[in-house]
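A.B. asks: Chain order of the listed sequences is X and S. Per our numbering, the first sequence starts with residue 1, numbered consecutively. Per our numbering, the second sequence starts with residue 1, numbered consecutively.
By construction, these hints were calculated from the structure, which means they are not laboratory data. One or more of the hints may lead you astray.
Stated by the list, open to error - Example chain S residues on the side facing chain X (calculated, C-beta under 8 Å, incomplete):
| # | residue |
| --- | --- |
| 1 | Leu22 |
| 2 | Leu29 |
| 3 | Thr36 |
| 4 | Gly38 |
| 5 | Met68 |
Claimed, not checked - For lysine-lysine, the following DSSO-like pairs were computed, each having C-alpha atoms within a straight-line distance of at most 30 Å:
| # | chain 1 | residue 1 | chain 2 | residue 2 |
| --- | --- | --- | --- | --- |
| 6 | S | Lys71 | X | Lys120 |
| 7 | X | Lys49 | X | Lys120 |
| 8 | X | Lys22 | X | Lys175 |
| 9 | X | Lys113 | S | Lys78 |
| 10 | X | Lys22 | S | Lys78 |
| 11 | S | Lys71 | X | Lys16 |
| 12 | X | Lys49 | X | Lys113 |
| 13 | X | Lys175 | S | Lys71 |
| 14 | X | Lys16 | S | Lys78 |
Backbone N, C-alpha and C fix where the C-beta goes; we use that ideal spot for every residue, glycine too.
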Amino acid sequence: MAEHIAAATPLGGHPKDYHAAKMGMWLFLFTEILLFGGLFLLYASYRHKFPQAFHAGGQTLDVFLGGLNTVVLITSSLSVALSITALRRGELTRCLWLLSFTIACAGAFMVNKTIEWMAKFHHGLIPGSEHMLGLPQGQSIFYGLYFAMTGLHGIHVIIGASVLAWVMLLIRQGKVTAEDYVVLENAGLYWHIVDLVWIYLFPLFYLIS
Amino acid sequence: MTDTHEVPHSKDQGHALSYRFLTLVWLGLMCLTALTIGAARIDLGYLNVVAALGIASAKACLVIFFFMHLKYENRLLKGMVLTAFVILAIAIGLTFVDVGYRY
Numbered sequence: 001m002a003e004h005i006a007a008a009t010p011l012g013g014h015p016k017d018y019h020a021a022k023m024g025m026w027l028f029l030f031t032e033i034l035l036f037g038g039l040f041l042l043y044a045s046y047r048h049k050f051p052q053a054f055h056a057g058g059q060t061l062d063v064f065l066g067g068l069n070t071v072v073l074i075t076s077s078l079s080v081a082l083s084i085t086a087l088r089r090g091e092l093t094r095c096l097w098l099l100s101f102t103i104a105c106a107g108a109f110m111v112n113k114t115i116e117w118m119a120k121f122h123h124g125l126i127p128g129s130e131h132m133l134g135l136p137q138g139q140s141i142f143y144g145l146y147f148a149m150t151g152l153h154g155i156h157v158i159i160g161a162s163v164l165a166w167v168m169l170l171i172r173q174g175k176v177t178a179e180d181y182v183v184l185e186n187a188g189l190y191w192h193i194v195d196l197v198w199i200y201l202f203p204l205f206y207l208i209s
Numbered sequence: 001m002t003d004t005h006e007v008p009h010s011k012d013q014g015h016a017l018s019y020r021f022l023t024l025v026w027l028g029l030m031c032l033t034a035l036t037i038g039a040a041r042i043d044l045g046y047l048n049v050v051a052a053l054g055i056a057s058a059k060a061c062l063v064i065f066f067f068m069h070l071k072y073e074n075r076l077l078k079g080m081v082l083t084a085f086v087i088l089a090i091a092i093g094l095t096f097v098d099v100g101y102r103y
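Starting from the given sequences, assemble the full structure and let the hints guide the process.
C.D. replies: In structure tokens:
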């Protein structure tokens, strides 16, 4: 362990500790879990208070698009996990292809999400609009939570894809390698959390109705 | 598929999971996704919510333990993750008890 740290320390540089780097990432992920956890708590409370409105609201969401996005995100989680194995085995080209595929999946997810949101906008369901605020309270809250939670999740998809693109650059520059891959692992952890949140969002919004 | 290829590494960083194993985990996740969509089409009353959350949690476990590599991490990290989820469960559980008996 000690010689591992010493070996990874360039002259005058900061010591780099594999375990500390990973633990730091997990600590950050806990704050993400609590961030979305708070929103899930709101969802649970209001669903309990307005069961009919949440039932009706859920039926207006497109299960096919939601299901498709579930498949896209789970597959992108696989490709990130595979890319870590590829990097550790020194298969750089395969690693970069897998990461490109992951970013393409993120793009596909956002296209689907845009189609979904546009359909809602066409029905006058625009966050903050008079129409949405004028709906019965339960429905207004359902769509408010839908936009807030899928919107915040969408922002995470964009950030995750950007981070992966940055790691691709580091791999090409030889700064992330088969021996020093914790940056890719941590970026992967972030991407999996994005997947994890969607695993709960999908049934709660699209299926329970 | 060079499964025998050894990466020179200090052993406490764990082994790289094989392509084959990760693909099997993905297959499991796909089956559970199909299952949750199928289960939602049958009217089970309040059990629909239980089934949806149960299947989602099974999928979450697959992602956390294998894709996120937690199964192969040290006990400290496992304990930290467990603590975070227990705290979340307490926050949601207790608040829901309050909300549930208020109206």
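A.B. asks: Give a verdict on every hint.
C.D. replies: We went through each hint and held it up to the structure:
Against a cut-off of 8 Å between C-beta atoms, the interface hint on leucine 22(S) holds, since the closest Cβ of chain X lies about 5 Å away. This hint holds: leucine 29(S) has a C-beta 5 Å from the nearest C-beta of chain X, less than the 8 Å allowed. Interface restraint check: threonine 36(S) against chain X, minimum CB-CB distance 6 Å, threshold 8 Å, status holds. For glycine 38(S), the shortest C-beta to C-beta distance to chain X is roughly 10 Å, which exceeds 8 Å, and the interface hint is violated.
Nearest Cβ of chain X to the Cβ of methionine 68(S): about 5 Å, under the 8 Å cut. The hint holds. Among the hinted pairs, lysine 71(S) with lysine 120(X) is inconsistent with the structure: their alpha-carbon atoms are about 41 Å apart, more than 30 Å. Proposed proximity of lysine 49(X) and lysine 120(X) is supported: the alpha carbons are some 24 Å apart, at most 30 Å. Using a Cα cut-off of 30 Å, the hinted pair lysine 22(X) and lysine 175(X) holds, with the two alpha carbons roughly 17 Å apart.
About 34 Å separates the Cα atoms of lysine 113(X) and lysine 78(S), which puts this hinted pair outside 30 Å; it is violated. Simply put, lysine 22(X) and lysine 78(S) have alpha-carbon atoms about 12 Å apart, close enough for the 30 Å limit, and the pair holds. Distance restraint check for lysine 71(S) and lysine 16(X): the Cα-Cα separation of roughly 23 Å lies within the 30 Å cut-off, and the hinted pair is therefore satisfied. The suggested pairing of lysine 49(X) with lysine 113(X) holds, with an alpha-carbon distance near 28 Å, which does not exceed 30 Å.
Our distance criterion of 30 Å between C-alpha atoms is met by lysine 175(X) and lysine 71(S), whose separation comes to about 28 Å. Distance restraint check for lysine 16(X) and lysine 78(S): the Cα-Cα separation of roughly 22 Å lies within the 30 Å cut-off, and the hinted pair is therefore satisfied.
Hints 4, 6, 9 from the earlier list are contradicted by this structure; the remaining hints agree with it.
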